[in-house]
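Student: With the hints as constraints, model all of the structure from the sequences given.
First to last, the sequence lines map onto chains A and B. In this text, residue positions in the first sequence follow the numbering used here: the first is 1, and each later residue adds one. In this text, residue positions in the second sequence follow the numbering used here: the first is 1, and each later residue adds one.
One thing to keep in mind: the hints can contain errors.
As the list claims (entries may be wrong) - The calculated EDC-like cross-link candidates involving lysine to aspartate or glutamate, where the alpha carbons are at most 20 Å apart (straight line), are: (1) Lys-411(A) to Glu-332(B); (2) Lys-480(A) to Asp-431(A); (3) Lys-405(A) to Asp-155(B).
No wet-lab data here; the hints were simulated from the structure.
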Amino acid sequence: MSDKKPLSSVNDFVVRFANVNGSGSASANEMFARAILRHGVPVSPRNIFPSNIQGLPTWYEVRVTEDGHLGARGGVDMMVAMNPQTWDKDVAGIEPGGYLFYDSTKPMPSTKFRDDITVIGVPLTAITNSTYTDPRQRQLFKNIIYLGALSALLDMDPKLIEQLIGEQYKGKEKLLSSNVHALHLGRDWALQNLKCPLGLRIKKSDKVGDRIFIEGNSAAALGAVYGGATVCAWYPITPSSSVAEAFTAHCKKYRHDPETGKAKYAIVQGEDELASIGIVIGASWNGARAFTATSGPGISLMTEFIGLSYFAEIPAVIMNIQRAGPSTGMPTRTQQCDIIACAYASHGDTKHVLLFPEDPAEAFEFAAAAFDLAERLQTTIFLMLDLDIGMNHRLCRPLKWDDSKQYDRGKVMTAEMLEQGRDFGRYLDVDGDGIPYRTYPGTHPTKGSYFTRGTSRDRYARYSEEGSVYADNMQRLVRKFETAQDLVPRPLQANAERPTRYGVIYFGSTSPAMDEAIGLLEARGHQLDRLRIRAFPFHSSVASFLAEHDFVYVVEQNRDSQLRQLIVNENGIDPVRLVPIVHYDGTPITARYIAKAIGDHQDHLKVTPLRKAVS
Amino acid sequence: MTYIAKPKFHHPGLKKNELGYTHRDYEGKISTLCAGCGHDSITASIIEACYELSIEPHRVAKISGIGCSSKTPDYFLGNSHGFNTVHGRMPSVLTGANLANRDLIYLGVSGDGDSASIGFGQFAHSIRRGVNMTYIVENNGVYGLTKGQFSATADRGSKSKKGVTNTDNAIDLVAIALQLGATFVARSFSGDKTQLVPLIAAAIGHKGASFIDVISPCIAFNNHAGSTKSFDYVREHNDAVNRLDVLVGRDPIAVDYAPGTVQVVEQHDGSKIALRKIDADYDPHDRLGAQTFLARHAAKGQIVTGLLYVDPDADDLHTHLNTVETPLNTLEADRLCPGSAALDKFNASLR
Ligand SMILES: Cc1ncc(C[n+]2csc(CCOP(=O)(O)OP(=O)(O)O)c2C)c(N)n1
Ligand code: SF4
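Tutor: Shown next as structure tokens:
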């Protein structure tokens, strides 16, 4: 008895699964998302999980998006409520006119429902128990049975799901056939007992193209393989552990010598983050490409070493998969909150290179590029992902590699160069770009060796506490950072259809939500030029963009608008002209949120005396 | 601070080793430590051992933490690369360096503050992993560089120069190294070059994690009555288990006293210590035996010196990780990058 018309939409809605952690639902839910992809319809799924292993609530949300909007949308059109613990909250979260799918084996009192939604009961436990006796089987197949029922309700092609099951259980015939059987149990029950399909439905389309579906962490790890990393040292921490785990898996596949079977890589699970970055620095000092992956608390521990990398000029690559801080914060929620901590990590005057990929494809490219940059600049390079890209599957363009590419090992003096009598001063700025030459240990019997240290030294690496020598060195490091501006990925600008005095700056995982928000803002009559920052130090085009616009919104996922702080600090710009748009509750920022915040501010600008100031 | 450069002039008559290097080729900058510091004697022993072994100096990577002891790599093997890292973290940097290039010799130098306090974890884990290295702790029971605070190896009841009594129990790094599976474990005394030089040489020749704890009195802060790491104290409490020859088939260093006798060894500063010769039945291949031996003597307040344990068939971290023989730092894109064809296949698997 719904007092609201049921929602009706083809290929554009949000389904959310509420499960209990440890119930084995993750693979069924992911299969649901993949099945929709196989229909040629883009999806954007998100895992919302607790920082516990067993028993606590988890949600998996699938945004079905014909238009290809990959940011989180907000709101739920269909709730698959499999967790009694979160029932009330889950039911409350459904959009008016939406659908509630639940296990009706034990009927719920009517007070537990809402009048403005459509309730679909399927006696999942009863169906499962009548078919399976083993408790584990009952639990696992229940998930496949609801997948089957949903496929009927949403009008999905069961062949495509069978195909996926076939791929997943290739060579395991028994598992394959029992999964297909469970799928049809659910599907047939729904077809016989319910009105199928619903207003929400899937229709075959061709909007996926050649795009791939991959997690950012896996893509970044593969970037490290392609980028030539041979040493990885890490310490487990959510949400970065899967980087090292994926690197291990990729290396097993791609990095064993075909003749000897031996590994062309070394992976060490360090005793902590201090050791992990220490191993990276030791390996890089000795000429190997090395990296670590961590998250906020790990960065805190690594900062002393990061200072050493900066000052002693040793390459290092750190992949920081950010989560909500400070301290333990919300370890399984996303944020972009380590910008300042990484940009200025360690004591004394330091500055570090940050790279901000927007999706897995860029995570792959930037990860590979990070090793070139680290060796070219002889310093720490941070690859700044966050949980939202790192741990979720994202549709993105296929990964690409140019086979003619050689690694840029930077300025390394070889034995031959030393033999030719090239003047070697470890900290000599020979080329005027602030980047000195280094030698690897063991290069030459009598030339080119030096003592690496975190203490001040002169251009020939001789210990010195002379003030002018120290200042000279610090100035060269500034020059080197300026050189970095032109080596790192440049910002990408996209202009509004009409000339505008307003701009927006954003970065990283905010990208898909921002792309979508622009459409919503245009519909409200607001025109904005966009600049997506892809690295720190900022390229000169950032300053130009700021100069060309009266007001620039800076959209980011942290409380203190850290990127804005960095821009203000580095560009010496009047902070009033940079308007912070922040979102930091641990959920990914949505287009709706951005459009509302910017739209309201724009409306406000037009009616207040500020108008004068911006004419 | 080193202001004075050493003269490059070599006397033509200087003795040469097998590779034609003279003793001077193994020296480094002039030490800036306190004259008479035990650490300088260890430096001298390292120089001696490398000379005896006819090591190519530039094939050694010397890595240290922070402290007076950690400064010493600047004072030997001037033609090799050194890395003075951060406090307590030498082991991880050395581990990384070793992973990058398995062909060099890795010499880790640390202090007792560096290794038993802030770096206790890294010390333990590098040993546990079996990194192929020679890990030397120059153990003076104090923080020298920060002027005399107790370190974690200071014995309970010992007194600082300021008269403070240490109430914490001491950590015995040798006992820990044995427990963690080090495949070469020894203790020596900085002044006992005769014992120390062959120990260092043997440790360098050993494949796997070698650990040597060298008692090294700090003459500035820990060489007073009340300290258990002073010259006098160590001289009275030293109980050496054995003496070693250089293992690698070079001229042996003569062992010039009979089993059961006491050898008096003269220090660089003129002081002397007494070493007791190896117990005739001591078996350095028995880890458990070494542990009990150590514990028994520790209970008597005695410092045991000599080679306590060695596993001649040890392997190392590279063996455990099954890495290629070619140093990882020499591999280039042609051997590391799977290429675009593999990537296309990978892409296809993600649709
Ligand atoms: C993180 C950090 N904390 C403290 C210090 C200060 N510090 C320098 S050396 C040292 C102790 C050195 O003692 P030890 O390792 O025993 O060497 P020694 O000087 O006695 O040879 C300390 C605490 C530091 N450099 N870094
Ligand atoms: S303070 Fe002690 S440890 Fe440091 S140099 Fe002087 S004697 Fe050696």
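Student: Going through the numbered hints above, which ones does this structure break? Give me the numbers in ascending order.
Tutor: 3
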